[in-house]
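Number of protein chains: 2
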Amino acid sequence: MRKVIIAIILMPFIANAQNKTDSAFIRKLSDNVMVYGKAYDNLHYLTKQIGGRLAGSSQFTKAVQWGKETMQAMGADTVFLQECMMPHWERGGTDKATVVSVNGKKEKRALDVLALGNSMGGAVTSEVVAVANFDELEKRRNEVKGKIVYFNFGFNPTNLRPGKSYGEAGLYRRSGPSQAAKYGAIGVLIRSLTEATDNNPHTGTMVYNDSFPKIPAAALGLQDADYLWKTCLQNAHVSVSLTTGGHFLPDAIGHNVIGEIKGTEHPGQFITVGGHLDSWDVAEGAHDDGTGIVQTMEILRAFKATGFTPKHTIRFVLFANEENGSRGGLKYAEVAKAKGEKHLFALESDGGGFTPRGFGFTVGSDRLKKIKPWTELLMPYGVYEFTEGGGGTDIEPLNKTLETPLSGLQVDGQRYFDVHHARNDVFENVNKRELNLGAINMAGLLYLVDKYGL
Amino acid sequence: MRKVIIAIILMPFIANAQNKTDSAFIRKLSDNVMVYGKAYDNLHYLTKQIGGRLAGSSQFTKAVQWGKETMQAMGADTVFLQECMMPHWERGGTDKATVVSVNGKKEKRALDVLALGNSMGGAVTSEVVAVANFDELEKRRNEVKGKIVYFNFGFNPTNLRPGKSYGEAGLYRRSGPSQAAKYGAIGVLIRSLTEATDNNPHTGTMVYNDSFPKIPAAALGLQDADYLWKTCLQNAHVSVSLTTGGHFLPDAIGHNVIGEIKGTEHPGQFITVGGHLDSWDVAEGAHDDGTGIVQTMEILRAFKATGFTPKHTIRFVLFANEENGSRGGLKYAEVAKAKGEKHLFALESDGGGFTPRGFGFTVGSDRLKKIKPWTELLMPYGVYEFTEGGGGTDIEPLNKTLETPLSGLQVDGQRYFDVHHARNDVFENVNKRELNLGAINMAGLLYLVDKYGL
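Chains as they are written, first to last, in the numbering used here: chain L, 6 to 459; chain V, 6 to 459.
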């Protein structure tokens, strides 16, 4: 009984002392990143010297070498490449679309388009059937044969987290082409997945249903989307020509780049942090996901610079091929399982390099409740909430295969879909301080997980 | 006793019902702003059609007319102008600075500068005494006579809220010129109050001490600041020529623009919300403070559109002359006091149109404790914390004169000082969704204050 009482009396003191040690260490990390951080300079190199780096491109190969050398220079205990095969899709030239006639009268109105990733190229000219959503497509399915279908499904502006709107509208990008092909359409256009006020089209991956013809498919920027929608509502016959050149080459060899700081107590137990090294071809892949990559590397640099020696081995992983195949993440989990590795936790940053607001967790609600007090330690750096659900495409296979608990950095993403998968996802749209704050909060969370477990 | 028990039993139910009514109304406001909001379009007009609007400029006068007409069109019960006299400072041409010699060797390196607001023009050429801070100036005060002093005091990157760094470095902009003139300096340059990675100089107000000569003073962009600092550290003799043209014209007539929704129960009791209509001359005044202006007007529009009828009269105030005189805010409080008006609360948005994170309050800690649960109602829209201390330059006089409780919107300000008082404070750097979220949270807070008091 006495022991219990003493324990109860001492606990707040111990907890308090722990908190002070922890908050002091996180502050030390933060100061180091804010003063000596290399994330912004590294992002400049990745975006400006290497550029867009789709799986299979020479830029992706360059990025792998750069990632390996940079983590070595940062003092990782080991850096190694993990081979995986990746789909190799190429855009094959400049995508083009033009309104060629309205009610039989010739037109020459160019539309700014980008073919959807993984779509097959083609040249089609036909009348447009413009629909607001899949329900309307169903109702008008008899009109679709031989036509180009335009899906005008937009973001719902009343969703206060734009990721929700992306999820809803994303259905049209992913499965719109085959839904239309099912009824005989020969091409598809979609409204880009954005609320941006500019006219940049946003690409992104789509998936054909093999039961139907693989018709060309492209996204329109919002000004052209509004124009086409209005023109189709006001005129019975609007014809468009669409030319895209997408095609697959044989699968390419790619690599995950894996840096490690060896654990002092449990070197065979792993904590993973990462982002994806590939990006779409048309932009610099700054927010998607250059920022996740340079944050991952920054945590390695800051851990080394502050002399942090984790109990468990921390792996800093630059994943291959998230955008149009997810083969890097799948390979990482496959190898982990084959080797019987123990994976304690995995964390990903793939929501853009904006100011952090929280972390989403796939850990079970009991564990989540246990770690919620950590938000007090992170709040000075921006993170104030831990929510249920979250991770990242590249680390999900670890959870599926090994039941590894996951988390994803959640940021102030109001601007994310202004640039996501579009030509303006460039270095200039990343703020140095916001980028650094992401790395600081991630480093803090990794430190806490390594120290206290989950 | 029975009554007390019933009251205790019922209270959670009542509170719950209130919360539901309140959260439903705030959601209605939010949906209306996100779908029908005019803040972004209004900001476009203010920044692109009117532009920079320093007190005394013809653009400021245009902005007053536009503000009045726009609030009338939005259905304000009344809109009126409140006259005040404003200082009328003009830049008087293009500010110039050049490094003319280094260790006696001729140079022609141009430095991008902007004269500080309210500084007096002049043309000086002299050696530079570069100091890190006021302490160093004190130590080297005997070297300063006849020289140009350069203050290289920078933002402290480890401050996680950049407003703190602004406060610290702001001393050099405000009082640096007279501190140097005290020891005989003939000109002053300062490192701009920013951490931006570009080279834009940032202007802002300064105040001469009348005991010393009013010497020319200008701010350097950070690339040139770094260059000058390094050059002065490496060379004993660095000479610069500085030419500025600042001067005062006679005080100008200006106006606060005041729109009202009359209170249904207490029309003679006022709640004020506002921003400032003036801006520096060199930019469009988008984040500072066009966003506060269009958010203020947006709340008026949304209240009308959702049929909200406040108990107290709500005043939507576009204040005059915040940047270099604060005369609008002073006049507003002066008139309120002279008329014996009762002012319940005042709220300002003057920290940029970024995603909201909280409100800062000058209300006393007991009141703050009472209203903290409101954060739960605002959290879906971004606001998660109410902190002690806050308001805004334009509403502070109300607090000083009438002890009116104040609040200021607190935003994710990591990017604010990239554009603050610089040429790149333009419409393009404002995000529509972030701007709207500010208006939504402010409207929610005003609704709660009107309903429950403080």
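Each hint should be verified, as a subset may be incorrect.
Claimed, not checked - So, partial list: chain V residues that the calculated Cβ filter (under 7 Å) puts toward chain L: (1) Leu86; (2) Leu238; (3) Gln419.
Stated by the list, open to error - In silico lysine-lysine, DSS-like type, Cα no more than 27 Å apart, as pairs: (4) L:Lys375 <-> V:Lys235; (5) L:Lys43 <-> L:Lys187; (6) L:Lys347 <-> L:Lys25; (7) L:Lys150 <-> L:Lys187; (8) L:Lys405 <-> L:Lys342; (9) V:Lys235 <-> L:Lys374; (10) L:Lys377 <-> V:Lys235; (11) V:Lys169 <-> L:Lys374; (12) V:Lys169 <-> L:Lys43; (13) V:Lys169 <-> L:Lys25; (14) L:Lys43 <-> V:Lys25.
No lab work stands behind these hints: they were computed from the structure.
Bear in mind the structure is a predicted one, so any value in this text is a computation, not a measurement.
Think of the CB as a built atom: it goes at the ideal place given N, C-alpha and C, for glycine as much as any other residue.
Q: Hints the structure violates: just list their numbers, smallest first.
A: 1, 2, 4, 5, 6, 9, 10, 11, 14
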